[in-house]
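Asker: Those sequence lines, one after another, are chains G and E. Under our numbering, the first residue of the first sequence is numbered 1, with each subsequent residue one higher. Under our numbering, the first residue of the second sequence is numbered 1, with each subsequent residue one higher.
Some hints could be false.
[Unchecked claim] Covered stretches of chain E (in silico footprint by chain G; criterion: 3 or more residues with CB under 8 Å from a CB of chain G, positions within the stretch not fixed):
hint, segment
1, 45 to 53
2, 84 to 92
3, 95 to 109
Derived from the structure by calculation, the hints contain no laboratory data. No residue lacks a Cβ here, since even glycine has one placed at the ideal position from N, Cα and C.
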Amino acid sequence: MTATGMRIIAGKEFSDHLRSRRFHLLFAILAVVAAVGMITGAVQYSKDLSDYNAVQMIAEGEDDPTFAGNLAGLKPSILSAYSQMGMLMAGIGVVLGIAMGFDLVTREKESKSLKSLLAYPVFRDEVINGKALGGVGAIALAMGVVLIVSVAIMALFGIVPNVDELLRILVFGVASFLLVFTFFALALLMSTVSKDSGSALLYSLIVMIVLSSFIPIFAYTPVYSAVFGDAPTPPGMSTYSYQQSSSAYTVTSVAVAYKSDDAVDPEALAEYERASREYMNQKRTITDIVTLVSPTGNYQTILGVASQPAGDNVSGFGNLLGALACNLIALLAMPAAFFGLAWVRFMREDIR
Amino acid sequence: MILCDHLTKIYNGVPAVDDLCLEIPTGEVFGLLGPNGAGKSTTILMLVGLIQPTSGACSIDGIEVAAHPIEVKKKIGYMPEDVGFYPDRTAEENLDYAARFYGLSEAERKQRVGDLLDLVGLDGVGTKVGGYSKGMRQRLGLARALVNDPEVVILDEPTANLDPRGVLDYRRIVRELADRGTTVLVSSHILSEVSKVCTSVGILARGKLIASGDREMLARAAVQDRVTIDVETGTPMPRLTSPEILSAEFSQDACSARIVAKSDISAYIAETLYAGGVLPRRLAVEKPDMEDILLSYYTEGTA
Chain G
1 MTATGMRIIA GKEFSDHLRS RRFHLLFAIL AVVAAVGMIT GAVQYSKDLS DYNAVQMIAE
61 GEDDPTFAGN LAGLKPSILS AYSQMGMLMA GIGVVLGIAM GFDLVTREKE SKSLKSLLAY
121 PVFRDEVING KALGGVGAIA LAMGVVLIVS VAIMALFGIV PNVDELLRIL VFGVASFLLV
181 FTFFALALLM STVSKDSGSA LLYSLIVMIV LSSFIPIFAY TPVYSAVFGD APTPPGMSTY
241 SYQQSSSAYT VTSVAVAYKS DDAVDPEALA EYERASREYM NQKRTITDIV TLVSPTGNYQ
301 TILGVASQPA GDNVSGFGNL LGALACNLIA LLAMPAAFFG LAWVRFMRED IR
Chain E
1 MILCDHLTKI YNGVPAVDDL CLEIPTGEVF GLLGPNGAGK STTILMLVGL IQPTSGACSI
61 DGIEVAAHPI EVKKKIGYMP EDVGFYPDRT AEENLDYAAR FYGLSEAERK QRVGDLLDLV
121 GLDGVGTKVG GYSKGMRQRL GLARALVNDP EVVILDEPTA NLDPRGVLDY RRIVRELADR
181 GTTVLVSSHI LSEVSKVCTS VGILARGKLI ASGDREMLAR AAVQDRVTID VETGTPMPRL
241 TSPEILSAEF SQDACSARIV AKSDISAYIA ETLYAGGVLP RRLAVEKPDM EDILLSYYTE
301 GTA
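Whole structure, please, built from the sequences with the hints as guidance.
Answerer: Written out as structure tokens, the structure is:
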């Protein structure tokens, strides 16, 4: 493999993305969402900080140290704004990734330029690698601009993040990039297996729905209970719950517990504790697996942990990366798998 | 310059190209003729390194295509049958993109692209290729095939969408290439096109090369097969007897006949009529034209 052909193709693809109206539109939406999210977050942060400072002053005047500690709470962090922005990014970023990748190969097939392209002195792997690289460059540019916009808005509001916050913002940026890249790689794969762009888009959307909505459904308690069984019932108690919702009224939840007058058998209680522990472990394992398989689940997990201020949950950047290692690896592995499949498929593409 | 050595390509158990042996010398303009599905495009795809042969080998200028595809691709210019471009780019941008793969500098690319657009009559056309007619795309395809100043040019159905002016330009360009010593392989099922520019031809049917040689040789070979002679006279003509005659059909009044002979026996017929005191009104020899020759080869090859 030579780098020249790949560089030429990557340059053309990068330029195509930047010239594409589709990219302009989605990038504009992304930038507006980022800006609006950051402005809202910055305003909320300023208010929270003001409230926090007021409470701090009250706490300083309090003699009872326990009461003072309860009042003090946690200092607000600008990262909460990134958390809000990330939720919006999860939706638009996925669409951006699919929109950038679904017709990369099918467009060449449809315009009949693939045969000519492969007749140039270029290896096949350079073609698919160049296409992926051009897309990655455009995604990195979009994500970089979004991050810069968010930091600039913070600066406009006079908010200066500390080093820990900056590193967490970086984690957020990397995770956002990987999320978009995952769906870009998925769309690229669908583009190599499909004959036309319409089918590639359809297949991409179907897999996206499966990964983002269908698989995570198994982590929801009602579905989990239906598939894997209910949680163990405490000895001597029976619980019935009833829940209903409609467009007119939201939720009615009734839980009725019947308590037996008989003394609880210690062995039954121990058995209940063991069964409960087992049930919870199983549920956690399944929830973790479901999260790891779902790119949006991973992204939201990373977002949740990274956007919590240091000292609340995971302190120190090293510890943060350690806590998110599985999710980051999963978020990296999925696009790598999609791209690997796209690569193999493209190398075997039948040219006639 | 172009060599196919027992070249075979099998798709799902069906041979698209079957044990093809072919040699095209340097500077030759070779026409690869054959009906649709004969294996012309498959042969070309193997020659340009887009597909691998099932068995056998092909080489360009002594370099085996399957083993060294990049070196071969640098030497050839290829125009596919279904020529395609990036529709959201201009002709200049499309050609410049193609030229980048051959390591030309920016100045060289600009010069070359300008010259080629001028050559194919597309200079000054600023619209994007998406708005081009099929003929304009075909012209641009020819320009792209020449972007690297190749030693071998391979054109698959080059005149399929060209208007008469475009066809004339195409012939002129191919002749200029031949004059410069470039080897040209033209694939087509339109014989008249091949016969206008090619110095030699090969006929493919069902993936097999059923005939090859220079155009005249093929014609002679076919002419030797049979000649049809139409005879019309004012009075009934006498019976014609010659070992050369394969069949003879006479009208009821014996004033017209259609003779199929192994060779041109028009002189013998004229002499026989003259000797019998019959005045010939018409004596026409129908030699098979090139289309008939080609059809006879196709029929032979697919029988």
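Asker: If a hint holds in the structure, say so; if it does not, say that too.
Answerer: Comparing the hints with the structure gives:
Only when three residues or more bring their CB closer than 8 Å to a CB of chain G does the claim for the segment 45 to 53 of chain E stand; here the count is 5, and the claim holds. Check result for the segment 84 to 92 of chain E against chain G: holds, 5 residues qualifying (beta carbon to beta carbon below 8 Å, three or more required). With a threshold of 8 Å between beta carbons, the proposed coverage of the segment 95 to 109 of chain E by chain G holds, since 6 of its residues qualify and at least three are required.
Of the numbered hints given earlier, the model fails none.
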